[in-house]
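J.: As a plain string of letters, each chain reads:
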Amino acid sequence: MDLINSHPVLDFLHGEKVSFSFDGKIMEGFEGEPIAVALHANGVRIYRRTPEMKRPRGFFCAIGKCSSCFMVVDGIPNVRTCVTPLKKGMKVETQYGRGRILFQPGEEARPCES
Amino acid sequence: MKTSASFESGVLTEERPGAVKPPETLWKEHKGGLVVVECPQRIPCNPCNTSCPTGAIKKFEDINDVPSIDYEKCTGCALCVSKCPGLACFVIDITLGGGLALIKMPYEMLPVPRKGDTVKCLGRTGEMVCEGHVENVAEPLGDRTKVVHVTIPVEAVNDVRAIRVV
Amino acid sequence: MRELTTDVLVVGGGPAGLSAAAEAAGAGAEVIIAESDLHLGGQLVKQSHKFFGSKDEFAGTRGFEIAKILMNEIAQNGDRVKTMLGTTINGYYGDEGVVTAMVGEEEYLRVIPQKIVVASGAQERLLPFPNNDIPGVYGAGAVQTLMNVYGVVPGKRVLMVGAGNIGLIVSYQLLQAGVEVAAILEAMPRIGGYWVHAAKVRRMGVPILLRHSIKRALGGEIVTGAEVNELDEKFDPIGAAERIECDAICLAVGLAPTNELLWQAGCAMKYVPFLCGHVPLRDKYMRTSNENVWMAGDVSGIEEASAAMIEGRIAGLSAAKALGLKVPDEKFDGYRERLRDLRAGEVGEKIRAGVEAVVVGGWEERT
Chain A
1 MDLINSHPVL DFLHGEKVSF SFDGKIMEGF EGEPIAVALH ANGVRIYRRT
51 PEMKRPRGFF CAIGKCSSCF MVVDGIPNVR TCVTPLKKGM KVETQYGRGR
101 ILFQPGEEAR PCES
Chain L
1 MKTSASFESG VLTEERPGAV KPPETLWKEH KGGLVVVECP QRIPCNPCNT
51 SCPTGAIKKF EDINDVPSID YEKCTGCALC VSKCPGLACF VIDITLGGGL
101 ALIKMPYEML PVPRKGDTVK CLGRTGEMVC EGHVENVAEP LGDRTKVVHV
151 TIPVEAVNDV RAIRVV
Chain P
1 MRELTTDVLV VGGGPAGLSA AAEAAGAGAE VIIAESDLHL GGQLVKQSHK
51 FFGSKDEFAG TRGFEIAKIL MNEIAQNGDR VKTMLGTTIN GYYGDEGVVT
101 AMVGEEEYLR VIPQKIVVAS GAQERLLPFP NNDIPGVYGA GAVQTLMNVY
151 GVVPGKRVLM VGAGNIGLIV SYQLLQAGVE VAAILEAMPR IGGYWVHAAK
201 VRRMGVPILL RHSIKRALGG EIVTGAEVNE LDEKFDPIGA AERIECDAIC
251 LAVGLAPTNE LLWQAGCAMK YVPFLCGHVP LRDKYMRTSN ENVWMAGDVS
301 GIEEASAAMI EGRIAGLSAA KALGLKVPDE KFDGYRERLR DLRAGEVGEK
351 IRAGVEAVVV GGWEERT
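Chains A, L and P are the protein sequences, given in the same order.
The first sequence maps to residues 1 to 114 in my numbering.
The second sequence maps to residues 1 to 166 in my numbering.
The third sequence maps to residues 1 to 367 in my numbering.
Be a bit skeptical, because a hint or two may be false.
[As the list claims (entries may be wrong)] In silico DSBU-like cross-links for lysine-lysine, where the CA-CA straight-line distance does not exceed 35 Å:
1) L/Lys-115 - P/Lys-82
2) A/Lys-54 - P/Lys-215
3) P/Lys-55 - A/Lys-17
4) L/Lys-146 - P/Lys-68
5) P/Lys-331 - A/Lys-88
6) A/Lys-87 - P/Lys-82
7) A/Lys-88 - A/Lys-17
8) P/Lys-68 - L/Lys-59
9) L/Lys-59 - P/Lys-55
10) L/Lys-58 - P/Lys-234
11) P/Lys-82 - A/Lys-91
12) L/Lys-28 - L/Lys-73
13) P/Lys-350 - L/Lys-21
14) P/Lys-55 - L/Lys-146
15) A/Lys-87 - P/Lys-331
16) A/Lys-65 - P/Lys-82
17) P/Lys-350 - A/Lys-65
18) L/Lys-59 - P/Lys-82
19) P/Lys-156 - A/Lys-54
20) L/Lys-31 - P/Lys-215
21) L/Lys-58 - P/Lys-215
22) P/Lys-156 - A/Lys-91
23) L/Lys-58 - P/Lys-270
24) P/Lys-215 - A/Lys-87
25) L/Lys-146 - P/Lys-156
26) P/Lys-326 - A/Lys-65
27) A/Lys-17 - L/Lys-146
28) A/Lys-88 - P/Lys-156
29) L/Lys-73 - P/Lys-234
30) P/Lys-156 - A/Lys-87
31) L/Lys-146 - L/Lys-59
32) A/Lys-91 - P/Lys-331
33) A/Lys-91 - P/Lys-270
34) P/Lys-55 - A/Lys-88
35) P/Lys-331 - L/Lys-59
36) P/Lys-55 - L/Lys-21
37) P/Lys-55 - P/Lys-68
38) A/Lys-17 - P/Lys-270
Bear in mind the hints are in silico, worked out from the structure with no lab data behind them.
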């Protein structure tokens, strides 16, 4: 992780370091901190692709308002990763297109094939 | 790229209310230095006054006033240097002799210099003005705003307003 | 669906919301604070600079320390204040007296409050230019969160767009985090933020390019630079665009009130450019035209956190009074006087004019 090690006026109190996966690759982050932040610290910049233009999208507003950081987390699409806390063992995936909503209990949600 | 060094871009280009030099005669004989404030815009802010232990920075009629100073009362303690949210207060002592002056400047960057270090002294647009010798590094309010005491050539006192530690 | 009841629901746990909660709870009300982020404090927690204002607004104290002071004040009220993090209030159903809340991504619940203080803050404006959607273009607030709350830098070399207080302060904070600031662009012929904030970054060697704007972000997938243009008096580009190398572009081009809930609540709204968007009409108690809804902070008009905290106190106190709790009336006068002082100067001119346009008299007779 690429973190600020020393700062003139701030101290960073991180939680427990846990591992999670991003598109199958194992990464480390701090539990309870936003998923998007953990990805950024691991050098990930592209979080999703837009449905029509296939444009890359990444970290933008950090307050759960802009939809830029929507990703598929543990099978659930459209997760606002900037305000969703990281948990140990989470499976985080780039979202391609619109997310597909889980309709039936037990049915696996996945992004649209597009 | 055209970088303007204008007042409109945050560079003090001339004396203005709230940003004036101390009276020359008093400054030349006042041991411990006098405060130099560079706060030329009326904004709602008064900690320089409320932190001043001697009343040298006069009480504000309106919180939006620019600071005005009773230099006779200034002891050069530099509490305002440490407290000012705009990092706009400095203390400058020109009584050292030997062509030197002491300037106390706020510093909130890394690395923190140490006593005895030589540092680069920068002007109001970050330009290198001269080298300076660090005499002391204080943290008067324990809030991680350092006040760095640097000796510089006396002719640079109106130009040096920051340091770079390399 | 889970259902909660409370005397006062405070929407947003930033400086205004925390202040409102502290006042309402202090007067004896049961309060729920719903905060969409993972922590309380709102913008305060990422402000590493010392605040302006007077002692009453904690001038000279760093923003994140002010957040701690407010949270301590709230803690004094024990169980009377409950905090719900990761909770977004997303629906207002007045007829039933219900608001709906989304907790995290998957859980929904109903909240039945007697009174609501909306302190939902603001969101950043975007600037239209080619490639403004690619990774590496950030809102200034996002950069602050990333860097000052979580200790992750946005890049190695940042181009800042906008020399208002946020652009200037975030530039200084980038320098503190060891990030280079390539330049600060400002379309106007002068900086918009406090002069002293500009002086702080200028003396560290950061150029402020007045009458300049961004033409496009460069980089196919991720930002690798930007083209910038000088502007003429009509804000049209002049001359050839210049290339600035950077791996992040930070937009600090203004905020707009996060007012959706107020619209839903049927509050009478007005577009006021000086307050940066649609804001509710209000009486002197920060009450909206909906007698059960108050507002405080940036949602009532974009201003400094110091003013937001005072507005929060007025709104929280007034909501408590409307519940029938005993509230000393002179407290209102004290808070209003502080607001008046903060806004009295030249930098408060636009706020004064803006507030003037939305304050109404007469509602306070309602009980």
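J.: State for each hint whether it applies.
T.: Comparing the hints with the structure gives:
For the suggested pair L/Lys-115 and P/Lys-82, the alpha carbons sit about 50 Å apart, so the restraint of at most 35 Å is broken. Pair hint A/Lys-54 plus P/Lys-215 holds up; C-alpha atoms about 23 Å apart against a cutoff of 35 Å. Our distance criterion of 35 Å between C-alpha atoms is broken by P/Lys-55 and A/Lys-17, whose separation comes to about 40 Å. The straight-line distance between the Cα atoms of L/Lys-146 and P/Lys-68 is roughly 22 Å, inside the 35 Å bound, and the hint therefore holds.
With a CA separation close to 48 Å, the supplied pair P/Lys-331 and A/Lys-88 exceeds the 35 Å bound. For the hint pairing A/Lys-87 with P/Lys-82, the CA-to-CA distance comes to about 24 Å; that is within 35 Å, so the pair holds. With a CA separation close to 9 Å, the supplied pair A/Lys-88 and A/Lys-17 stays within the 35 Å bound. A hinted pair counts as satisfied when its Cα atoms are at most 35 Å apart, and P/Lys-68 with L/Lys-59 qualifies at roughly 29 Å.
Our distance criterion of 35 Å between C-alpha atoms is met by L/Lys-59 and P/Lys-55, whose separation comes to about 13 Å. Distance hint between L/Lys-58 and P/Lys-234 is unfulfilled; the C-alpha atoms sit about 43 Å from each other, more than 35 Å. Restraint check for P/Lys-82 and A/Lys-91: the C-alpha separation of about 32 Å stays at or below 35 Å, so the hint holds. Note on L/Lys-28 and L/Lys-73: the hinted pairing holds, with a Cα-Cα distance of about 15 Å set against a maximum of 35 Å.
Taking the CA atoms of P/Lys-350 and L/Lys-21, the gap is about 32 Å. The hint holds against a cut of 35 Å. Among the hinted pairs, P/Lys-55 with L/Lys-146 is consistent with the structure: their alpha-carbon atoms are about 21 Å apart, no more than 35 Å. With a C-alpha separation of about 45 Å, the suggested pair A/Lys-87 and P/Lys-331 falls outside the 35 Å cut-off, and the hint is violated. Taking the CA atoms of A/Lys-65 and P/Lys-82, the gap is about 24 Å. The hint holds against a cut of 35 Å.
With a CA separation close to 27 Å, the supplied pair P/Lys-350 and A/Lys-65 stays within the 35 Å bound. Note on L/Lys-59 and P/Lys-82: the hinted pairing is violated, with a Cα-Cα distance of about 41 Å set against a maximum of 35 Å. Between the alpha carbons of P/Lys-156 and A/Lys-54 the distance comes to roughly 27 Å, so the proposed pair stays at or under 35 Å and holds. For the given pair, L/Lys-31 sits about 54 Å from P/Lys-215 by alpha-carbon distance, which is inconsistent with the 35 Å threshold.
For the given pair, L/Lys-58 sits about 47 Å from P/Lys-215 by alpha-carbon distance, which is inconsistent with the 35 Å threshold. This hinted pair checks out: P/Lys-156 and A/Lys-91 have alpha carbons roughly 29 Å apart, not beyond 35 Å. A distance of roughly 42 Å separates the Cα atoms of L/Lys-58 and P/Lys-270; the hinted pair therefore is violated under the 35 Å criterion. Taken as a hint, the P/Lys-215 and A/Lys-87 pair is broken in the structure, with Cα atoms around 40 Å apart against an allowance of 35 Å.
For a cut-off of 35 Å, the pair hint linking L/Lys-146 to P/Lys-156 stands: about 25 Å separates their Cα positions. Distance hint between P/Lys-326 and A/Lys-65 is unfulfilled; the C-alpha atoms sit about 38 Å from each other, more than 35 Å. For the suggested pair A/Lys-17 and L/Lys-146, the alpha carbons sit about 33 Å apart, so the restraint of at most 35 Å is met. Distance restraint check for A/Lys-88 and P/Lys-156: the Cα-Cα separation of roughly 29 Å lies within the 35 Å cut-off, and the hinted pair is therefore satisfied.
Between L/Lys-73 and P/Lys-234, the direct Cα distance comes to roughly 50 Å. Violation of the 35 Å bound is thereby established for this hinted pair. Simply put, P/Lys-156 and A/Lys-87 have alpha-carbon atoms about 28 Å apart, close enough for the 35 Å limit, and the pair holds. With a C-alpha separation of about 25 Å, the suggested pairing of L/Lys-146 with L/Lys-59 holds against the 35 Å cut-off. Between A/Lys-91 and P/Lys-331 the alpha-carbon distance is near 52 Å, which puts this suggested pair outside the 35 Å criterion.
Straight-line distance between C-alpha atoms of A/Lys-91 and P/Lys-270 comes to about 45 Å, which puts the hinted pair past the 35 Å bound. Taking the CA atoms of P/Lys-55 and A/Lys-88, the gap is near 44 Å; set against the 35 Å cutoff, the hint is violated. Taken as a hint, the P/Lys-331 and L/Lys-59 pair is honoured in the structure, with Cα atoms around 25 Å apart against an allowance of 35 Å. For the given pair, P/Lys-55 sits about 27 Å from L/Lys-21 by alpha-carbon distance, which is consistent with the 35 Å threshold.
For the proposed pair P/Lys-55 and P/Lys-68, the alpha carbon gap of about 16 Å is at most 35 Å, so the pair holds. Restraint check for A/Lys-17 and P/Lys-270: not satisfied, since their Cα atoms lie roughly 48 Å apart, outside the 35 Å limit.
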